[in-house]
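Asks: Sequence:
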Amino acid sequence: MKKFRKVLDGLSSSSPGGVASPSCGSAAGTPTAHAPTPQDIHVQETLVSENFQICKTVRHGFPYQPTCLAFDPVQKILAIGSRTGGIRILGRPGVDCYSQHESGAAVLQLQFLINEGALVTACADDTLHLWNLRQRRPAILHSLKFNRERITFCHLPFQSKWLYVGTERGNTHIVNIESFVLSGYVIMWNKAIELATKAHPGPVVHLSDSPKDEGKLLIGFESGTVVQWDLRAKKVDFRIYYDEAIHSVSWHHEGKQFMCSHSDGSLTMWNLRNTARPIQITYPHGKILKDGRKESCKPILKVEYKTSRNSSEPYVIFSGGLSYDKSGGRRPTLTIMHGKAITVLEMDHPIVEFLVLCDTPYSNEVQDPYAVVVLLEKDFIVVDLTQSNFPIFENPYPMDIHESPVTCTAYFAECPPDIIPILYSIGAKQKKTGYSHKEWPVSGGTWTLGSQTYPEIIVTGHADGTVKFWDASAITLQMLYKLKTSKVFEKPKAGEGRAGELVEEDPYAVQMVSWCPHSRLFCVVGISAHVILYRFSKHDANTQIVSLEVRLQFDSEDVISPSEAENNPCFSDPSSHSPQPPGSPGSGTQDSLPCLKVKSRPVRMPPGYQAEMVVQLQWVDGEPPQQITSLDINSAYGLLAFGNCNGLTVVDFLQKTILMCMGTLDLYGAADPYQRLTRSPRKNRQSTSDFCMRGLSHFYSDSKKRIRTSYQSLTELSDNQVSMDMERSKSPTSDHVNGHCTSPTSQPCSVGKPRITGVPEGPRLTRRGPGRPPFRKAQSAACMEISLPVSSHTEGGHASRRAMLQQLHGVSMYSHDEHHTTSYNWSERESRENSFSRSRSSSVSSIDRDTKESVTTLQFGESYGRKGDALPTACLWVGTSLGVVLLLPISIPTEEEERMEEPITMGPSGTVLMLKGSVLRFAFLDCGGALIQSPYEVWRDPNGPEDPDRPRRRKLINFSPSSSQEACGDGHLAVVCSEKQAKVILMPTQAVLFTHNITESSFLLRADVVSVCNSVCLACFCANGHIMTLSLPSLRPLMDINYLPLTDLRIARTFVFTNGGQALYLSSPTEIQRLTYSQEMTDNLQDMLGELFTPIETPEAQNKGFLKGFFGGNAQTFDREELFGEAAAGKASRSLAQHIPGPMGLENMKAAAGGVVGDLARARIALDQRGERLGELEERTALMMNSAETFSTHAHQVMLKHKDKKWYQL
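Numbering (numbering that gives the first Met the number 0), first residue to last: 0 to 1209.
Worth flagging that the hints you see were computed from the coordinates, not collected in a lab. All values reported here derive from a predicted model rather than from experimental measurement. Among these hints, one or two may not hold up.
[Stated by the list, open to error] Listed next, the in silico EDC-like pairs over lysine to aspartate or glutamate satisfying Cα-Cα at most 20 Å (straight line):
no., residue 1, residue 2
1, K293, D242
2, K1130, E1120
3, K537, D417
4, K197, E243
5, K483, D399
6, K954, E894
All chains, full assembly: derive it from the sequences and hints.
Replies: In structure tokens form, the structure reads like this:
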């Protein structure tokens, strides 16, 4: 058993730097009789390195930048390819698999080996890949790289092992699927066209075998030429020439005619009996003008020609073809022509591809289409063809994560078991209606609920102000509930005050969320510097939303003496909810206003989350409020705290009052550890509003959209060497008015006028007047693709850590360690994800150059506010961007009646702890190493019926350190993690037990204390892409894996850890990637994933009868092996294509990759089929015996009847 002894006597080698700091060690204060000392801490750690392993689990959402589509009509699974080389395979709900080509080349085309459990992909790097789908995680079996020709089209006939590959040069090659080598049989373009034709026919855009004869191959060239090639005779049967370029070809199932779509918006029908001219030319959306000319139309990119048993009229389905005049104001369309009926379905996004789903895999049978799968650029829908109004199916996959760009994420594992059902029941009322009543047609694969499942919820905030709750249990994702925060505010009208200036785009974007699943309190921070508090109720209500306004924008010129503070308190009337520091009356009518206007009338709220209170920061001196950078809420205390680069605000949401509004420097009290430079008051107050809090979009014109403006506004950096003087803030003044601790002083937010090199000053610069809001459009986390190249002033080519964090965390500050402030060129990469550079090490020595100290993290909990405290009390832990940890003890009345009436008192305790870098996370452990949860109030319905006999009272659950342990007395451990190091501190002595410098060359983006394998650890995500875990409390490194070498800001903003060894991030603007860092979950992952392949009998071809077969109705088959095999066709040129073998061949795929489950399933199906056949045989035998007995009886009766008669009497 490993025990950790007193650190002061000598730490283990795994915890360097663990000697207690003289400034905050145990020698500075004498512990009380009940307080533990470092000698009393004995923690048995159970976590070892073998408990951790990084593994991607599942990807949710819409495939980013889709390119192609394929469907297996027997297995009923669907595949989607993307521009980034990804493949998404979908089946029934729960069957969702993501695979990635290592090359990252775009997927051009997908071809299923129907009912074979394999998939062929053609990529933009001219490589063919064969994927094995008979395992839960698909793998590549073979690859074939074309060296001299570019692939443009592929076709694989049903139940064939020969793949036709068309190229850009117009040639057609044939690939053996089993060996994945080229055949020597090649159809050259110059043999396919007439010798007299001088022009090249263009790339191959279509390949298909004739439904009537598999030995006939139809080849379509881009120029408008169509050729039918006789594979046996190696010659052309016929050639078709048309003036317009061809985009697609579709056969009639009888093989006697086919339809082509063209670039002029026309459809041509061709009959094989007469190929000289088309038998029909139609312009579905083009009209004949008065002068006789036809209306010009857009190209028809694809057409499908399908027949139906229930109707003599075929279905003609195509995309595009609208006239240019009509299409100007219309959206992309899908047209369904059935007889004389023409239905035009308008889409919200451009159509990438569509497929018509049919009952039969045979091309020579009546197709009977029942649905159309439409892949759009940002959506995926399936249309029901069996109903006349063509409704769409309800999509069971979470394809609408990006409905509005994602701006923040939160992940909650091991939630209360009742929270998911109640959210689902409330959210079910929000669902749209009008969907098809039939089952989802993509129903392939199998999926079972894993053994290790627990309630998990993912919360996403979006740019339009919506918040979505998702059920993430058992590695699935289903929508639970949707909350619209914009309904709290009045709709702003252009030109109406400060709120009117925010109408442009996304004034309600969600910046961060805080949720307590036990008390069901939910808090949202928005881009417009507002905080909304929600309570959950099962009943609707008609309530008034309480609005509080806070002035958290202080200036050095507002410093006054304590005597003045007594005469002009900040909170003279707690019921006014609008604290005004002295000097505000003369600020003008446009100041002291929030960015948005809360609805003043009573609002009817449906069941679910209902807004109770809104807190907004005000404009001051023509300057917009700074972005909120930290948030915490505690239901047991009834307190809400948030902070930004100006200071801290604490709100009592039970009494609906502002409890504290303090500048960051005032929180120190008399314990400010820094010697700050003095600065004379600035002369021109108005000038600061010209350049304070400017956003990125200020530098570029709207038309170019060079940058998706960050809702974390960035303080500009000057391009010359500037001395960033520290503005002097005088000693704080505290005034207790009605129990509220107030302070009128703080640091101002003004900086010197910046100059940006290389940025043109256009109309956009001059248009923005004083106080112009810095946020134009909320930068979604999905669109954070901002590169950070730096000038030559930066050492080693690395960008400043502070500049990155400004955008990442919304912190406005300057780097400590930069004597030469660098200049940045910002640009957006729309086509690929960009990385941001790793930072060099920084120090906190040059404090005089720091103009801001932001509140970066907050945490309520039971702790010891002072070293001499004998009992834990309610405390607020505050972490700042300078690595300072402050403790604010809170005095809360214990009785419920007193709590609602008596004021709460809190104030700085003078306690200061120090770390390197910005503080990211707090957590509390008892002396046994167990995690201490924050106190919370048990949920009760605020709108539930009242019981006069049982008055409603608050039920609080308190996890006090004194109640969670008895062995070593009172006290607890505080885990504090910054972007550079982590410390474990013993409370109340404040002795630093363990210190670990996590990184020197980079910095942490995310840190969480999580439970893994019945223990706790510190999980960290670093800016250089490393994921690390540290044991607690010893901070011993357990895992350090380079997971994402190049990290972009989108991933950095949305990465989050949770309990159970899981994490997630936004891997693309439309997709959420979940991963695990637990070895146990990695081992059990195979059981949690769905099976893509299910053994199914291939349907037999229909017998068309004697007459149809006699008159040539049946398709003619031929042996392709005789034509394309090496014996007949020879070998292809080795320089044409290079074969890259996979780990296993196709012949071993079924046996090796099927697995025990697949073998058992196949054996069970075979046994069932054998039993059915035996049963049928037994029934037939019984019928034959009955027939024989009946015949014998009748024969005996006839014999008896005619026994004595003569022959002439018969």
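Asks: For this structure, which hints from the list above don't hold up?
Replies: Hints that this structure does not satisfy do not exist here, as all of them hold.
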